[in-house]
Amino acid sequence: MTDNTPDEETASIRSALSNNWMSRNKNFGLTTPNQHPNVDVPDLTMASPPRPPTRLLADLQRRWNRAVRHLLSVDARHTSSGRENQTSARDDDVTIDKWFDKITSIQSPSLDTARKYHTLRHLEEMFGYIDQLLELNNKNDDDGRCGGSRYDYDDDDVCVLTLSTFFHDAVYVPRSNTNEEDSATLFRQFMSELASAPGAPAAATAKKESRSHASLRERVVRYVLATKRHILATDQEKNDDCLKLFLDVDMSVLGKEDTAYDVYAGLIREEYEFVDREVYCETRAGILERFLESDVFFSKEMKVGLEDRARRNLQREVIMLKAGCIPGHEA
4 MTDNTPDEET ASIRSALSNN WMSRNKNFGL TTPNQHPNVD VPDLTMASPP RPPTRLLADL
64 QRRWNRAVRH LLSVDARHTS SGRENQTSAR DDDVTIDKWF DKITSIQSPS LDTARKYHTL
124 RHLEEMFGYI DQLLELNNKN DDDGRCGGSR YDYDDDDVCV LTLSTFFHDA VYVPRSNTNE
184 EDSATLFRQF MSELASAPGA PAAATAKKES RSHASLRERV VRYVLATKRH ILATDQEKND
244 DCLKLFLDVD MSVLGKEDTA YDVYAGLIRE EYEFVDREVY CETRAGILER FLESDVFFSK
304 EMKVGLEDRA RRNLQREVIM LKAGCIPGHE A
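Going by the working numbering, the first residue of the sequence shown is number 4, and it counts up by one from there.
Worth double-checking, as some hints may not be accurate.
What the hints assert, rightly or not - Straight-line C-alpha distance at most 25 Å; calculated DSS-like pairs for lysine-lysine:
id: 1; residue 1: 303; residue 2: 142
id: 2; residue 1: 231; residue 2: 142
id: 3; residue 1: 325; residue 2: 119
id: 4; residue 1: 247; residue 2: 142
id: 5; residue 1: 306; residue 2: 247
id: 6; residue 1: 325; residue 2: 142
id: 7; residue 1: 231; residue 2: 119
id: 8; residue 1: 105; residue 2: 231
id: 9; residue 1: 303; residue 2: 325
id: 10; residue 1: 247; residue 2: 231
id: 11; residue 1: 247; residue 2: 325
id: 12; residue 1: 303; residue 2: 241
id: 13; residue 1: 241; residue 2: 306
id: 14; residue 1: 306; residue 2: 231
id: 15; residue 1: 231; residue 2: 303
id: 16; residue 1: 231; residue 2: 241
Please keep in mind that the hints were generated in silico from the structure rather than gathered at the bench.
The task is simple: from the sequences and hints, build the whole structure.
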């Protein structure tokens, strides 16, 4: 048990979540400091994010492989053919690698895509906050705080958080109203192809599917769909601390430092450049005002760490939009 007071604990959480590389990052392309003027990190050759493309992809693949392997291991525990499962890792590699390449390729910014903000850098920031929030959670558990009421994240939760992060913006077409549904469909296609791969655990292909596997898959679909509105509409959602964490890290961009937030806001405008400027300003101002009607974040840590700054950013952008100005974007 530590001797930290509640005020000291709050200050520690706020410092950790508001003074990190994610809150300062302005680079959502796959560039180096010499190529991009909006990078505040002095040396991207180091291991600390935002990483150069090769390091970023290596980190993402490590996370991807671990999550997918965990999903498959849940199935394997429910099969009776140990010999078959021993070969599944080799047989599944082609499918796993193929889908990693697909998911990362479609979220890589290029001249022929509408993605300006919704890129692999967005995933990198999300994983940065996931790591930090899980670490804070574990630290508080170890210190004996919260009276044992803190949510205990396990390997299933990390698997769901990881796959939900990879797929939640897998389909992103600014002109579409079904991006979240289409992204969830893409995840189902991945699960179907993985289940039919040679050597896949029998529980994934048999009619009697593993209950744990089905639960994890259903959670990923539910989490991806929840990003459409970013509200907790049902009792199940309101009691799902893991979902709250996921939705919060997806919205963590709202709590950036003001200059980094302006870059984000300008990139969103670029993604919707086909919308008339006046219509865009009016529509986005209305969306941001709805965010301000209640707490921006759901989890205690994110409320402590980023809520105040997020509200200031949102209020400032709304004022600018109503005056016909767009942060980070030339008229």
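> Taken at face value, is the distance from the CA of residue 142 to the CA of residue 303 at most 25 Å?
Replying inline: 15 Å, holds
> Do the alpha carbons of residue 231 and residue 119 lie within 25 Å of each other, as the hint requires?
Replying inline: 19 Å, holds
> Is it true that the CA of residue 303 sits at most 25 Å from the CA of residue 241?
Replying inline: 13 Å, holds
> Within a Cα-Cα threshold of 25 Å, do residue 306 and residue 247 meet the stated pairing?
Replying inline: This hinted pair holds, its Cα atoms lying about 11 Å apart.
> Within 25 Å, alpha carbon to alpha carbon, are residue 231 and residue 241?
Replying inline: Roughly 16 Å between the alpha carbons, so the hint for residue 231 and residue 241 holds.
> Going straight from one Cα to the other, do residue 306 and residue 231 come out at no more than 25 Å?
Replying inline: Measuring from Cα to Cα gives roughly 21 Å; hence the hint holds.
>> Check the hint pairing residue 105 with residue 231 against an upper bound of 25 Å on the C-alpha distance.
In response: This hinted pair holds, its Cα atoms lying about 22 Å apart.
>> Check the hint pairing residue 247 with residue 231 against an upper bound of 25 Å on the C-alpha distance.
In response: 14 Å, holds
> Given the hint that residue 241 pairs with residue 306, does the C-alpha gap stay at or below 25 Å?
Replying inline: At roughly 16 Å apart (the allowed maximum being 25 Å), residue 306 and residue 241 satisfy the hint.
> Taking only the CA atoms, is the gap from residue 231 to residue 142 under or equal to 25 Å?
Replying inline: 32 Å, violated
> Does residue 325 pair with residue 119 here, judged by a C-alpha cut-off of 25 Å?
Replying inline: The hint holds at about 23 Å.
> Does residue 231 pair with residue 303 here, judged by a C-alpha cut-off of 25 Å?
Replying inline: 22 Å, holds
The structure fails to meet hints 2, 6, 9 and 11 from the earlier list, while all remaining hints are met.
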